[in-house]
Each structure stands twice: as C-alpha cells, then as structure tokens.
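There are 2 protein chains.
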Amino acid sequence: MSAVATAAPDWSLSAWSAERLRAVEDALSQWVAPDAPAGLGEAMRYAVLDGGKRLRPLLVLAAAEAVGGLPQAALRAACAVELIHAYSLVHDDLPCMDNDVLRRGKPTLHLAFGEAQALLAGDALQALAFELLTPAGDAVPEPVQARLCRLLARAAGHAGMAGGQAIDLASVGQTLSHDELSRMHRLKTGALLQASVTMGAACGHVDGQAGAALARYGAALGLAFQVVDDVLDVTADSATLGKTAGKDAANDKPTYVSLLGLERSRAHAQALLREALDALAATALADTRALHALASMVVNRDN
Amino acid sequence: MSAVATAAPDWSLSAWSAERLRAVEDALSQWVAPDAPAGLGEAMRYAVLDGGKRLRPLLVLAAAEAVGGLPQAALRAACAVELIHAYSLVHDDLPCMDNDVLRRGKPTLHLAFGEAQALLAGDALQALAFELLTPAGDAVPEPVQARLCRLLARAAGHAGMAGGQAIDLASVGQTLSHDELSRMHRLKTGALLQASVTMGAACGHVDGQAGAALARYGAALGLAFQVVDDVLDVTADSATLGKTAGKDAANDKPTYVSLLGLERSRAHAQALLREALDALAATALADTRALHALASMVVNRDN
Numbered sequence: 002m003s004a005v006a007t008a009a010p011d012w013s014l015s016a017w018s019a020e021r022l023r024a025v026e027d028a029l030s031q032w033v034a035p036d037a038p039a040g041l042g043e044a045m046r047y048a049v050l051d052g053g054k055r056l057r058p059l060l061v062l063a064a065a066e067a068v069g070g071l072p073q074a075a076l077r078a079a080c081a082v083e084l085i086h087a088y089s090l091v092h093d094d095l096p097c098m099d100n101d102v103l104r105r106g107k108p109t110l111h112l113a114f115g116e117a118q119a120l121l122a123g124d125a126l127q128a129l130a131f132e133l134l135t136p137a138g139d140a141v142p143e144p145v146q147a148r149l150c151r152l153l154a155r156a157a158g159h160a161g162m163a164g165g166q167a168i169d170l171a172s173v174g175q176t177l178s179h180d181e182l183s184r185m186h187r188l189k190t191g192a193l194l195q196a197s198v199t200m201g202a203a204c205g206h207v208d209g210q211a212g213a214a215l216a217r218y219g220a221a222l223g224l225a226f227q228v229v230d231d232v233l234d235v236t237a238d239s240a241t242l243g244k245t246a247g248k249d250a251a252n253d254k255p256t257y258v259s260l261l262g263l264e265r266s267r268a269h270a271q272a273l274l275r276e277a278l279d280a281l282a283a284t285a286l287a288d289t290r291a292l293h294a295l296a297s298m299v300v301n302r303d304n
Numbered sequence: 002m003s004a005v006a007t008a009a010p011d012w013s014l015s016a017w018s019a020e021r022l023r024a025v026e027d028a029l030s031q032w033v034a035p036d037a038p039a040g041l042g043e044a045m046r047y048a049v050l051d052g053g054k055r056l057r058p059l060l061v062l063a064a065a066e067a068v069g070g071l072p073q074a075a076l077r078a079a080c081a082v083e084l085i086h087a088y089s090l091v092h093d094d095l096p097c098m099d100n101d102v103l104r105r106g107k108p109t110l111h112l113a114f115g116e117a118q119a120l121l122a123g124d125a126l127q128a129l130a131f132e133l134l135t136p137a138g139d140a141v142p143e144p145v146q147a148r149l150c151r152l153l154a155r156a157a158g159h160a161g162m163a164g165g166q167a168i169d170l171a172s173v174g175q176t177l178s179h180d181e182l183s184r185m186h187r188l189k190t191g192a193l194l195q196a197s198v199t200m201g202a203a204c205g206h207v208d209g210q211a212g213a214a215l216a217r218y219g220a221a222l223g224l225a226f227q228v229v230d231d232v233l234d235v236t237a238d239s240a241t242l243g244k245t246a247g248k249d250a251a252n253d254k255p256t257y258v259s260l261l262g263l264e265r266s267r268a269h270a271q272a273l274l275r276e277a278l279d280a281l282a283a284t285a286l287a288d289t290r291a292l293h294a295l296a297s298m299v300v301n302r303d304n
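Protein sequences, first through last, are from chains A and B.
The first sequence maps to residues 2 to 304 in my numbering.
The second sequence maps to residues 2 to 304 in my numbering.
Bear in mind the hints are in silico, worked out from the structure with no lab data behind them.
For glycine and all other residues, C-beta sits at the position ideal for the given N, C-alpha and C.
Incorrect hints may have been included.
[To be verified] Computed Cβ-Cβ distance ranges for the label pairs, DEER-style:
#: 1; chain 1: A; residue 1: P142; chain 2: B; residue 2: A282; range: 35 to 45 Å
#: 2; chain 1: A; residue 1: P144; chain 2: B; residue 2: G52; range: 32 to 42 Å
#: 3; chain 1: A; residue 1: N252; chain 2: B; residue 2: D139; range: 56 to 66 Å
#: 4; chain 1: B; residue 1: G138; chain 2: A; residue 2: E43; range: 19 to 29 Å
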C-alpha cells in the first residue's frame with residue numbers, strides 16, 4: 002500500500018486477484034442474461050454466479066496484463082471463457098453424463114431447475130460467450146473480436162473440450178496409456194485453460210516467440226491442473242472441493258492416480274509446473290508475476 | 002419455364018438451389034469434424050449430413066448474392082447457421098426435451114449414438130459454427146468474421162433460439178395469446194431464420210435502409226415458417242415430414258392452429274408472405290429473385 006519500487010516487494014497474488022475478481026463478478030452479474038425469458042436467465046445465473054475459483058478469468062487477465070492488452074477486451078474474454086467452463090459443468094453434471102448432485106457447494110442445476118432447463122441454460126451460456134466477445138461499437142476492435150472467437154471456438158469444440166469429453170466417455174472402464182490419458186486431458190481441461198492464456202495474449206500485441214512460449218505455459222499449466230484434480234479427487238473431501246469427491250473411482254474413470262499412483266502423480270504435477278515456469282521465463286515479458294503465481298497456485302491448491 | 006419478363010427468362014429456384022446445395026453439402030462434408038475423436042465426429046456428421054432442406058443456408062447465400070457479398074464468407078455463414086440449426090434439433094429431440102425418435106427420416110441422434118454422445122455432439126456443433134466463421138488467414142476479413150459471430154451468437158442465445166425454447170418449455174399446457182405465441186416463435190424459430198438473411202447481408206455492403214428492410218423480410222419469413230410448420234404438424238404425415246407429425250397436440254403445446262384454427266392460420270401465413278415480399282421490394286436491391294422465391298417456397302411447401 003505504501004511506497005513501492007520497481008520489483009514491488011509487497012506484490013501478492015491474493016491482492017492482485019481480489020481486485021480482478023471483483024471486476025469479473027460485477028461483469029458476469031451484469032452480462033449473464035438477467036432478462037432472459039421463462040426462467041432461463043435465473044438458470045444461467047445460478048450456473049455462473051456466486052461460485053467457482055475463476056481460475057480461467059484470472060489467467061486471461063494475467064496474460065492480457067503481461068502483454069499490455071486492451072482491458073475492455075480482456076474483461077470480455079475473461080467472462081466468455083468462464084461461461085464456456087460453466088456450461089460444460091452444467092452439461093457434465095446431467096443424468097446422461099456424470100449424473101452429479103453437487104457443484105460449487107450447491108445442488109447441480111438440473112436438480113434445481115430441471116433437466117430441460119439445464120440443457121438449455123448450458124446451450125445459452127455457450128452462445129452468450131461468443132456474444133460477449135462481439136460487442137457492437139468500437140470498444141473492442143473487430144479483428145480482436147474475431148481472434149478471440151477463433152481461439153475460444155477451437156478450445157471449446159471437437160478439437161478441444163468437447164472432443165476430450167468424448168474420449169472421457171469412451172474411456173470409462175478402460176485402461177489408458179499415459180499418452181492417451183494426457184491427450185484426453187489436454188483436450189478436455191487443457192484446451193480451455195490454454196485458451197485462457199492465448200486469449201489474454203490476443204488482447205494485446207505479442208511477438209511470435211513470446212506468443213508460442215505463452216501457449217506452452219498454458220498447455221503445461223492446463224495439464225498440471227488436471228493431474229492435481231485427479232489427486233484431490235482421492236485426497237480431499239466433498240465439503241472442501243464443493244463437488245463430489247471420489248467420483249472418478251466410483252465412475253471407473255482412468256486417472257493419473259490410477260495410472261501413476263499418488264506420489265508419482267504429485268511429482269508429475271511439479272514437473273509440469275517447472276515446464277510452465279520455464280516457458281514463462283522464455284517469453285521475456287516484463288511482468289509475469291501473476292502468471293507465475295497462478296501456475297504455482299494451480300499446482301499447490303487444496304481444493 | 003417459358004417466357005418470363007425482364008432478366009433471365011429461364012431462372013428457376015430449383016436450378017438456382019441445386020448448384021448452391023451442392024456447394025453447401027460439399028463444404029459441410031469437409032468441415033464437419035471428420036477427425037473428431039471417440040465417435041464424436043460420426044455423431045456430428047450423422048446430425049448434419051444427408052438430410053434437411055437447407056433452407057437457412059439457401060437464405061444466407063441468397064441474401065449474400067443480393068448484396069454482392071464475399072462468396073467465401075457466405076459459404077461459411079451458410080454452413081454455420083445450419084450447424085446451429087442441427088445442434089438445436091439434436092438437443093430438442095433428447096428425452097428431457099421432446100423425447101423424439103424420428104428426425105430427417107432417421108432415428109434421432111440419441112437413439113443412434115446414445116444420449117451422452119448426442120449431448121456432446123450438439124455442444125460441439127455449436128462451437129464448430131463459430132469456428133467456421135473465424136478462419137485463420139485472410140479469406141474472410143476479420144471485421145466480417147466478427148460481425149457474423151455477433152449476429153449468430155445473438156440469434157442462437159437467450160435473446161433468440163434458446164430463449165424461445167425456454168418459453169416453449171414453460172408454455173406446455175398453457176393457453177397463450179397471439180402476441181405471446183408470436184414472441185415465442187420469433188425467438189425460437191424466427192431469430193435464426195432472420196439471422197440467415199442478415200448474416201448473408203453482412204457478407205457484403207448494404208446501406209442502412211436496405212439492411213433494415215432485409216431484416217424485416219427475414220422476420221416475416223421466419224414467423225411465416227413457423228405458422229406453416231404448425232399447419233403441417235396437423236395436416237401432413239410423418240413420412241412426408243421426415244419427423245413425427247401430430248406431436249404438438251400430443252405434447253399439449255400451444256400452436257397457431259390451436260389458437261386460430263387451420264384456415265385462419267393459412268391466411269396468416271399468406272399475410273406474412275406479403276409482408277416479407279413488401280419488405281424485399283423496399284430494399285431496392287437489383288436481384289432479389291432467390292429471396293422472393295424462397296419466401297414463397299417457405300409458405301407454400303408441403304413438408
């Protein structure tokens with residue numbers, strides 16, 4: 002709060018995050034369809050507001066700040082990525098998928114609003130993500146809008162998250178190799194986390210080498226996130242997670258823990274963290290403190 | 002077929018359509034995820050290829066041609082709109098929605114591939130629509146990409162198709178006024194049909210007056226389409242429709258026929274056709290033959 006020098010000795014992730022989380026929550030509350038008809042808006046808001054760690058929005062904002070990106074574009078990109086994440090959770094929890102009852106510490110959306118409304122709310126959240134990225138007027142230049150849509154569509158679709166979920170579906174009860182498991186998670190979870198970083202970077206100007214290094218950072222962080230998720234599914238309880246613990250084993254899904262065991266999974270997560278931080282160093286960007294701290298937080302979190 | 006006034010005496014909708022349908026089918030076959038993993042690509046292709054009248058793509062191409070739009074952009078927009086339409090049918094047919102068994106003359110996607118894969122395929126088709134609109138490279142200028150995404154996202158989301166479906170859900174067993182029924186259909190079916198026209202126009206340059214008139218044409222045509230759909234649900238059989246006939250009454254859904262009766266519904270469709278053609282005349286565009294013929298076809302079709 003007092004005098005700060007170049008290296009800002011009192012920089013902290015929690016202070017950095019708190020300010021940005023307020024902006025994200027305010028924006029989501031304003032943008033998530035308060036006027037959608039026939040209960041749809043309430044369902045969409047239930048799925049998005051008052052919950053979640055907002056890791057993806059924070060990654061978008063951290064990457065955008067590292068490259069001097071346009072704040073208006075970054076805030077929209079941050080919220081758009083979160084909407085895609087939220088819709089994927091809603092559809093994942095449906096009876097025909099994981100049939101889950103608890104999400105972000107609350108009953109899942111289909112329990113609260115019915116299956117049909119949950120299906121529609123997920124669909125509408127995906128559309129809203131692209132709506133947020135394409136505002137009329139000149140607050141966000143249209144070429145930036147187009148690039149953000151391109152990155153998000155690829156990360157969400159068959160070559161990203163949806164493709165990973167299809168592999169996940171097909172893998173129940175199967176034994177996957179390490180490569181197959183990594184591929185599934187690179188698509189299912191990693192693609193959207195990586196897109197959070199590349200979309201943040203697309204809000205500003207970055208040279209090819211730094212852009213590629215940021216993409217490597219995002220890929221390593223995305224995979225590390227899933228390895229830690231698999232560990233926590235075994236070691237944490239539902240109250241801490243805010244979602245059902247132990248469900249991978251209950252659903253007979255292959256995980257890093259089932260493949261590598263707990264200790265080697267933890268070591269793998271640390272190795273991926275080093276990979277992410279090496280990539281970050283290779284960007285040669287001036288201020289990557291938030292990206293650095295977020296990667297450490299992802300790997301060392303307990304929920 | 003014989004002598005007709007001014008230009009091109011032998012112009013016919015069927016010849017005009019045949020050529021464009023070939024281009025659309027080829028493009029869809031190429032673009033709809035042949036390499037998506039774990040059966041997802043097959044499910045997506047089942048939902049999209051070999052079926053459907055392709056009314057929306059034809060509207061996009063007709064509007065684009067009327068304004069001298071960029072062919073590359075128009076073909077992508079045509080396919081993107083069709084993907085949104087196809088995904089909406091897949092999700093609409095799911096057990097938690099209409100629980101339907103027949104679509105485009107084939108078993109519905111969830112019967113053929115399972116509910117979970119149908120859910121994912123629908124989700125992936127929506128993402129793919131935005132992916133098609135945002136190609137890397139300079140075949141489509143990025144400002145055009147952004148405008149196409151903007152129009153499609155709004156038409157598909159809570160203020161368009163998804164919102165209309167939420168009203169539809171809430172209206173089962175209810176008696177709606179004419180205004181309420183029109184609002185539901187303007188969102189549920191009309192928004193995407195109107196977007197087909199406005200997206201086609203966004204592939205070229207059009208002045209404000211012509212753009213507004215094209216939007217009015219699209220709105221009237223979109224509503225006319227649904228009025229005729231309600232009539233055909235009563236008067237046609239499933240084999241002709243390629244989907245289950247009589248399902249509105251079976252599902253106790255309010256329709257134009259239940260509200261107005263058959264004859265007044267038919268008259269309403271004709272009035273909307275006149276409204277569409279008047280708007281088209283007001284565009285003052287040089288060649289609107291295809292848009293004119295498509296509107297007539299929509300209202301006078303028998304399936």
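Taking the hints in turn, this is what the structure says about them:
{"no.": "1", "hint": "A:P142 - B:A282: 35 to 45 Å", "verdict": "holds (37 Å)"}
{"no.": "2", "hint": "A:P144 - B:G52: 32 to 42 Å", "verdict": "holds (36 Å)"}
{"no.": "3", "hint": "A:N252 - B:D139: 56 to 66 Å", "verdict": "violated (46 Å)"}
{"no.": "4", "hint": "B:G138 - A:E43: 19 to 29 Å", "verdict": "violated (42 Å)"}
This entry does not satisfy hints 3, 4, going by the numbered hints stated previously.
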